[in-house]
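Chain A is already provided as a structure; the job is to place chain B on it using the hints.
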Amino acid sequence: MMVFVVYALLVKATLTSFSGLASLPQIRQDFVETRRLMSDEQLTQAVLIGRASPGPVGAYVVAVGYFAAGWPGAVAGWLAMITPALLAIPLLATIERWLHLPRMRSLVDAVIIAGSALLIPAGIQLGRDALVQLWRVL
Amino acid sequence: MESRIAEPGATGRGPRRARLRAGCHNMSRVTPLGQLGWIVARDVNRTIGGGYAAMELMRRTFVARGWMTGATNGVIVAVSRLTPGTNVLAYCTAAGWRLRGWRGSAVALAAASVPSSIIIFLMSAALVRVATYRAVQAGLAVGMLVACVLLFAAAWSLLQPYLRSRARVRVVAMLAGALALYFVGLTPVRVLLIASAVGLFMRPMHESSRGDGHATTHTTGGTPQ
Numbered sequence: 000m001m002v003f004v005v006y007a008l009l010v011k012a013t014l015t016s017f018s019g020l021a022s023l024p025q026i027r028q029d030f031v032e033t034r035r036l037m038s039d040e041q042l043t044q045a046v047l048i049g050r051a052s053p054g055p056v057g058a059y060v061v062a063v064g065y066f067a068a069g070w071p072g073a074v075a076g077w078l079a080m081i082t083p084a085l086l087a088i089p090l091l092a093t094i095e096r097w098l099h100l101p102r103m104r105s106l107v108d109a110v111i112i113a114g115s116a117l118l119i120p121a122g123i124q125l126g127r128d129a130l131v132q133l134w135r136v137l
Numbered sequence: 000m001e002s003r004i005a006e007p008g009a010t011g012r013g014p015r016r017a018r019l020r021a022g023c024h025n026m027s028r029v030t031p032l033g034q035l036g037w038i039v040a041r042d043v044n045r046t047i048g049g050g051y052a053a054m055e056l057m058r059r060t061f062v063a064r065g066w067m068t069g070a071t072n073g074v075i076v077a078v079s080r081l082t083p084g085t086n087v088l089a090y091c092t093a094a095g096w097r098l099r100g101w102r103g104s105a106v107a108l109a110a111a112s113v114p115s116s117i118i119i120f121l122m123s124a125a126l127v128r129v130a131t132y133r134a135v136q137a138g139l140a141v142g143m144l145v146a147c148v149l150l151f152a153a154a155w156s157l158l159q160p161y162l163r164s165r166a167r168v169r170v171v172a173m174l175a176g177a178l179a180l181y182f183v184g185l186t187p188v189r190v191l192l193i194a195s196a197v198g199l200f201m202r203p204m205h206e207s208s209r210g211d212g213h214a215t216t217h218t219t220g221g222t223p224q
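So the sequences go chain by chain: A and B.
The numbering of the first sequence is numbering that gives the first Met the number 0, which starts it at 0 and goes up by one.
The numbering of the second sequence is numbering that gives the first Met the number 0, which starts it at 0 and goes up by one.
Hints in this document: simulated from the structure, not taken from any laboratory.
Bear in mind the structure is a predicted one, so any value in this text is a computation, not a measurement.
For each residue, glycine too, the CB sits at the ideal point set by N, CA and C.
A portion of the hints provided could be inaccurate.
Listed next, the stretches of chain A that the computed footprint assigns to chain B, with coverage defined by at least 3 CB atoms under 8 angstroms from CB atoms of chain B [to be verified]:
{"hint": "1", "region": "43-54"}
{"hint": "2", "region": "71-85"}
{"hint": "3", "region": "91-102"}
{"hint": "4", "region": "109-121"}
A few chain A residues that don't get close to chain B, going by computed Cβ distances all over 12 angstroms [unchecked claim]:
{"hint": "5", "residue": "Ala-7"}
{"hint": "6", "residue": "Arg-27"}
{"hint": "7", "residue": "Ile-88"}
Cβ-Cβ distance ranges computed for the label pairs, FRET-style [stated by the list, open to error]:
{"hint": "8", "chain 1": "A", "residue 1": "Arg-135", "chain 2": "B", "residue 2": "Ala-124", "range": "36 to 44 angstroms"}
{"hint": "9", "chain 1": "B", "residue 1": "Val-168", "chain 2": "A", "residue 2": "Phe-3", "range": "49 to 57 angstroms"}
{"hint": "10", "chain 1": "A", "residue 1": "Leu-130", "chain 2": "B", "residue 2": "Gly-33", "range": "35 to 43 angstroms"}
{"hint": "11", "chain 1": "B", "residue 1": "Arg-133", "chain 2": "A", "residue 2": "Thr-43", "range": "13 to 21 angstroms"}
{"hint": "12", "chain 1": "A", "residue 1": "Ala-7", "chain 2": "B", "residue 2": "Trp-101", "range": "21 to 29 angstroms"}
{"hint": "13", "chain 1": "B", "residue 1": "Pro-31", "chain 2": "A", "residue 2": "Pro-89", "range": "41 to 49 angstroms"}
{"hint": "14", "chain 1": "B", "residue 1": "Thr-186", "chain 2": "A", "residue 2": "Arg-34", "range": "19 to 27 angstroms"}
{"hint": "15", "chain 1": "A", "residue 1": "Trp-70", "chain 2": "B", "residue 2": "Ala-172", "range": "17 to 25 angstroms"}
{"hint": "16", "chain 1": "A", "residue 1": "Pro-120", "chain 2": "B", "residue 2": "Val-168", "range": "19 to 27 angstroms"}
{"hint": "17", "chain 1": "A", "residue 1": "Ser-38", "chain 2": "B", "residue 2": "Ala-172", "range": "44 to 52 angstroms"}
{"hint": "18", "chain 1": "A", "residue 1": "Arg-127", "chain 2": "B", "residue 2": "Val-135", "range": "44 to 52 angstroms"}
Chain A with its partners taken away, still in its complex shape (with noise of 0.2 angstroms):
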């Protein structure tokens, strides 16, 4: 059963947010302050070996369906973080299939063009923390 509610929860977060530790708000409401599922220290341990890991920064949810409910957690959290990634299939059928039209064309160039514009933000960032930490060890 709290495998199931650790699901719907993380999944309720993944689903209402649109990149990898966007979800951290809604999870840290439910699992901590709501249900007390997890502590801060823990949340903050599964967001630190979500970064420390390869992959997507997003995987640290399956940390915290481990930390919430054993390995039965960890499937959970898995499955809470690949779950909205299917929504990108009929995304994707419905936008190639309207395609040719103009406005659908000139909304997805305006897509891509906005989103390559967050990209630099994001990079700079990216760089300017990589660099401080860079500092601070060496």
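Just chain B now, kept in the frame of chain A:
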């Protein structure tokens, strides 16, 4: 590759099932599932600092192998940004579906998510506080610097065709507008939603959008001119 635009069902007039089949399977002859899984697992699980670096690595591989055009990659990147959850997983799912249908999606999604999940599970189970070790921190910082470079490379590869088009002034204005909205404090999702709304009412940026552009943009992805 351009010859595929003549495939029945990819013209926008055939039955929906035929169009979808043509859309997701038209490259199946050249995309072995095993190779797809290996490439996704390799590229996603060797980057630190976010999925955009991994997406750039995958784009380079897919384009180099002739599995995907740069423009098709652009559409998939746009879809991944509009999909809730982790962007790189949405990218892998959409790219897998585009290359090999639902099997490709399943393989790509598993390859992208399972290895890192196992690593995270093991680290959580062992309660390893890896991030506190100096050597690990230094390694992470270097990994993040590499990811930073890949991020800028990804932005450049996506923008390059638009900046070379006749609409480059409009493209620069849109870039500046998106950055301004972001720095004003809007979340990335809101910036993208506003961009979508603007795009709906915008004049098309390239020739293929006007006439029978469906063949060039839908099936092969097309390239902005």
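Do the hints match the structure? See the list:
1. Closer than 8 angstroms: that is the beta-carbon criterion, and the region 43-54 of chain A has 10 residues meeting it against chain B, so the requirement of 3 holds.
2. Chain B is given as covering the region 71-85 of chain A, and this holds because 9 residues of the stretch bring a CB closer than 8 angstroms to a CB of that chain, at least three being needed.
3. With 9 residues carrying a beta carbon less than 8 angstroms from a beta carbon of chain B, the region 91-102 of chain A meets the three-residue requirement, and the given coverage holds.
4. Coverage of a stretch by a chain is defined here by at least three residues with a beta carbon nearer than 8 angstroms to that chain's beta carbons; for the region 109-121 of chain A and chain B the count is 13, and the condition holds.
5. No beta-carbon of chain B comes within 12 angstroms of the beta-carbon of Ala-7 (chain A); the shortest separation is about 15 angstroms.
6. The claim that Arg-27 (chain A) is not at the interface with chain B holds, since no C-beta of that chain comes within 12 angstroms of its own (minimum 17 angstroms).
7. Non-interface call for Ile-88 (chain A) relative to chain B: violated, since the shortest CB-CB distance, roughly 5 angstroms, does not exceed 12 angstroms.
8. With their beta carbons about 28 angstroms apart, Arg-135 (chain A) and Ala-124 (chain B) fall outside the hinted range of 36 to 44 angstroms.
9. Checked against the given bound of 49 to 57 angstroms, the beta carbons of Val-168 (chain B) and Phe-3 (chain A), roughly 54 angstroms apart, stay inside it.
10. Separation of Leu-130 (chain A) from Gly-33 (chain B) is about 39 angstroms and conforms to the stated range, judged on CB atoms against 35 to 43 angstroms.
11. As the Cβ distance of Arg-133 (chain B) to Thr-43 (chain A) is approximately 19 angstroms, the hint placing it in 13 to 21 angstroms holds.
12. For Ala-7 (chain A) and Trp-101 (chain B), the Cβ-Cβ distance of about 25 angstroms falls inside the hinted range of 21 to 29 angstroms, so the restraint holds.
13. A C-beta distance of roughly 26 angstroms is found between Pro-31 (chain B) and Pro-89 (chain A), which places it outside the suggested range of 41 to 49 angstroms.
14. A beta carbon spacing of about 26 angstroms between Thr-186 (chain B) and Arg-34 (chain A) agrees with the range 19 to 27 angstroms that was offered as a hint.
15. Checked against the hint of 17 to 25 angstroms, the C-beta distance between Trp-70 (chain A) and Ala-172 (chain B) comes to roughly 52 angstroms, which is inconsistent with it.
16. In this structure, Pro-120 (chain A) and Val-168 (chain B) meet the distance hint of 19 to 27 angstroms, their C-beta atoms being roughly 22 angstroms apart.
17. Take Ser-38 (chain A) and Ala-172 (chain B): their Cβ atoms lie about 48 angstroms apart, and the range 44 to 52 angstroms holds.
18. Our hint of 44 to 52 angstroms for Arg-127 (chain A) and Val-135 (chain B) is violated, since their Cβ atoms are close to 20 angstroms apart.
The structure fails hints 7, 8, 13, 15, 18 (numbered hints given earlier, in ascending order).
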